[in-house]
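Protein chains in written order, with the numbering used here: chain A, 1 to 95; chain B, 96 to 588.
These aren't lab readings, by the way, just hints derived from the structure by calculation. Please read all numbers here as calculations on a predicted model, not as lab measurements. Don't take every hint at face value.
Only pairs whose alpha carbons sit at most 27 Å apart, straight line, appear in this in silico DSSO-like list of lysine-lysine [claimed, not checked]: (1) B:K586 to B:K514; (2) B:K333 to A:K61; (3) B:K485 to A:K61; (4) B:K583 to B:K240; (5) B:K586 to B:K240; (6) A:K92 to B:K333.
Okay, the calculated bits of chain A under chain B, using three or more residues with CB under 8 Å as the criterion [what the hints assert, rightly or not]: (7) 12 to 23; (8) 26 to 36; (9) 39 to 52; (10) 55 to 66; (11) 77 to 86.
Sample of chain B residues facing chain A (criterion: CB under 7 Å; computed from the structure) [to be verified]: (12) D109; (13) G293; (14) I438; (15) K479; (16) W587.
We put the beta carbon where it would ideally sit given N, CA and C, even for glycine.
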Amino acid sequence: MSIDTSTAAHVAHLARIRVEEEELPALAEEFNRILGFVEQLTEVDVEGVEPMVSVTPMRLKRREDAVTDGGMPETVLSNAPDAREGFFAVPKVVE
Amino acid sequence: MTELASLTISAARDALDAGETTSVALTEACLAAVEGAGALGAFAHVTPELALERARAADAARAGGDAGPMCGIPVGIKDLFCTEGVASQAASRILEGFRSPYESTVSAQLRDAGAVMLGKLNMDEFAMGSSNETSVYGPAVNPWKVDDRSLTPGGSSGGSAAAVAADLCLAATGTDTGGSIRQPAAFTGTVGLKPTYGRCSRLGIVAFASSLDQAGPMTKTVRDAAIMLRAMAGHDPKDSTSADLPVPDFEAMLSGDIRGKRIGIPREYRLEGTPDEILALWDRGAEMLRDAGAEIVDISLPHTRYALPAYYVIAPAEASSNLARYDGVRYGYRAPLSQGDGIVEMYEKTRAEGFGAEVKRRVMVGTYVLSAGFYDAYYNRARKVRTLIKRDFEQVFDQGVDAILTPATPSAAFGLGEKGQADPVEMYLNDVFTVPVNLAGLPGISVPAGLDRQGLPLGLQLVGRPWEEGALLDVAEVLERAAGFVAKPAKWW
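Could you put together the complete structure from these sequences and hints?
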């Protein structure tokens with residue numbers, strides 16, 4: 001399995017990370033080194049083995065489905081790069 | 096002054112109890128040491144006013160007979176922990192200027208136990224790294240030095256390890272996803288404990304790989320790790336993976352008597368290329384435990400060599416999901432936009448400018464292994480291998496083994512800039528002995544055990560049964576005492 005520059009560009013887009021055209025060959029090369037390293041996993045016989053879901057065998061706790069917190073819009077917005085009138089502001093997303 | 100900063104938690108506690116010093120005096124000594132240690136880059140943000148305020152409160156509480164178990168002890172907090180109103184940026188540009196509106200559960204518990212936070216400690220960006228070189232602040236530097244080179248304190252908790260080793264604080268918090276507490280502890284001659292997964296709450300700790308991340312203490316002695324773990328641990332309703340189990344008095348479990356305990360030596364850890372002196376130290380560690388009355392047994396953990404490859408699928412996969420939240424909308428950095436840029440350009444530019452190279456690499460690798468067509472081949476296969484790795488440990492514990500002894504790292508501290516420049520995998524190999532423990536969710540501790548021939552510290556790792564940190568610390572303290580590691584770095588900073 002070898003990653004070419006167009007696959008690298010696709011992955012970068014899926015990850016929403018801009019990568020300049022001239023950086024793609026080096027990125028593809030790094031992917032290939034890392035994926036080449038993890039390729040060893042194909043040697044392991046995993047027939048009939050369950051993929052791990054939780055490392056500690058315990059049932060996650062549940063609680064009543066009730067509002068326990070909230071009513072602090074200023075706090076929620078306090079770190080926003082752009083907040084207006086009680087909302088997070090972003091570039092236009094709907095035409 | 097500096098003598099106070101070099102105290103252990105237990106010695107400081109005794110001195111405070113005896114009225115021989117005050118938390119304000121301890122805190123001032125640490126702040127002075129921090130002030131004079133800029134060259135180490137250990138602290139990213141220092142909070143002297145807050146520290147002195149808490150120190151005064153601790154002294155008042157003690158005078159009122161209400162001293163918590165860490166009352167008045169100055170500690171450093173890794174930058175990965177959210178601390179209310181104080182910079183918390185995971186050593187990333189993307190969280191520049193972020194002020195957490197709440198306190199992480201672990202740092203809140205430490206605060207409530209009376210600990211005095213001195214500030215936030217340097218680390219690898221988002222805890223991704225083994226040398227502290229991926230930090231936006233620049234690398235922390237190891238106080239240990241043998242020539243002109245600046246050495247890494249390890250990573251990701253490099254600032255924590257450097258600060259504890261250089262006596263800038265009495266102890267520090269760390270987090271460990273693949274070795275990030277134990278490797279820096281080994282590189283700096285300090286003690287680092289990664290508890291069982293679920294022992295400490297992850298609430299308010301910036302997430303890297305949620306099924307592996309665990310907070311733990313980084314200290315000067317095993318006893319201090321026991322004291323500090325008790326203050327950090329416990330069930331948190333806000334972290335559904337934190338265990339609802341009683342937290343014992345770990346310090347009281349230090350019996351010094353390990354007669355009859357079975358210590359496993361895993362043959363698969365005798366890796367080709369490991370330096371002779373590390374193998375020799377490992378043998379000496381086993382002898383020390385045998386001399387203390389433990390039974391040394393050869394064991395096999397057959398899937399060991401697949402731990403690192405499995406880790407480098409699972410951890411990036413989880414990171415790619417966790418780090419999706421850094422989108423330039425709700426907090427942190429947003430890239431300046433050009434005319435006509437839409438929301439996708441905003442995401443892509445923000446993340447390109449906000450994340451460093453290693454973080455981007457891991458997020459993209461994670462995205463790839465989770466993408467349609469590769470999910471089964473990479474991610475699901477890695478999770479199956481993880482099941483096998485955990486089973487290896489379970490079988491060994493079922494055979495009556497109480498703890499496992501291994502080297503902590505495949506080398507002593509290396510020079511900054513020496514590794515991983517051409518090939519990221521070269522850096523990943525640092526965690527070869529520590530990663531399996533995270534995959535299996537087990538407690539592990541690095542104990543300083545000797546110096547290599549250059550004069551740099553080396554650590555040994557002990558791995559315990561799940562939830563049995565007390566028994567693990569007991570063995571670790573016996574090893575610590577037998578190894579008699581007392582060396583300190585000569586002050587050059």
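Restraint status (C-alpha distance of K92 (chain A) to K333 (chain B) at most 27 Å): 35 Å, violated
Need the status of pair K333 (chain B), K61 (chain A): alpha-carbon distance at most 27 Å? Given that 27 Å is the threshold and the Cα spacing comes to 10 Å, the pair holds.
Confirm or reject the coverage of the region 77 to 86 of chain A by chain B under the rule of 3 or more residues with a beta carbon closer than 8 Å to the chain's beta carbons. holds (count 5)
Can you confirm whether chain B covers the region 12 to 23 of chain A, using C-beta to C-beta distances below 8 Å and requiring at least three such residues? The restraint on the region 12 to 23 of chain A holds, since 8 of its residues have a Cβ under 8 Å from chain B and three suffice.
For the restraint on W587 (chain B), tell me whether the closest CB of chain A is nearer than 7 Å. W587 (chain B) check fails; min Cβ-Cβ to chain A is 36 Å, beyond 7 Å.
Chain A contact restraint for K479 (chain B) - C-beta distance below 7 Å: Given a least distance of 4 Å, the restraint on K479 (chain B) holds.
Starting from K583 (chain B), check that the Cα of K240 (chain B) is at most 27 Å away, please. Given pair K583 (chain B), K240 (chain B) holds - Cα atoms ~11 Å apart, limit 27 Å.
Can we keep the I438 (chain B) interface hint, with Cβ of chain A closer than 7 Å? It holds, given that the least Cβ distance between I438 (chain B) and chain A is near 5 Å, below 7 Å.
Let's test the interface hint: is any C-beta of chain A closer than 7 Å to that of G293 (chain B)? Holds: closest Cβ of chain A sits about 5 Å from G293 (chain B), inside 7 Å.
Is the hinted pair K586 (chain B) and K240 (chain B) satisfied, with a Cα-Cα distance of at most 27 Å? Answer holds: K586 (chain B) to K240 (chain B) is near 9 Å, not above 27 Å.
At least three residues with a C-beta closer than 8 Å to a C-beta of chain B: is that true for the region 55 to 66 of chain A? This one holds; 6 residues, not fewer than the three required, reach chain B with a Cβ under 8 Å.
Straight-line alpha-carbon gap K586 (chain B) to K514 (chain B), limit 27 Å: 25 Å, holds
In the structure shown, a violation is registered for the earlier hints numbered 6, 12, 16, in ascending order.
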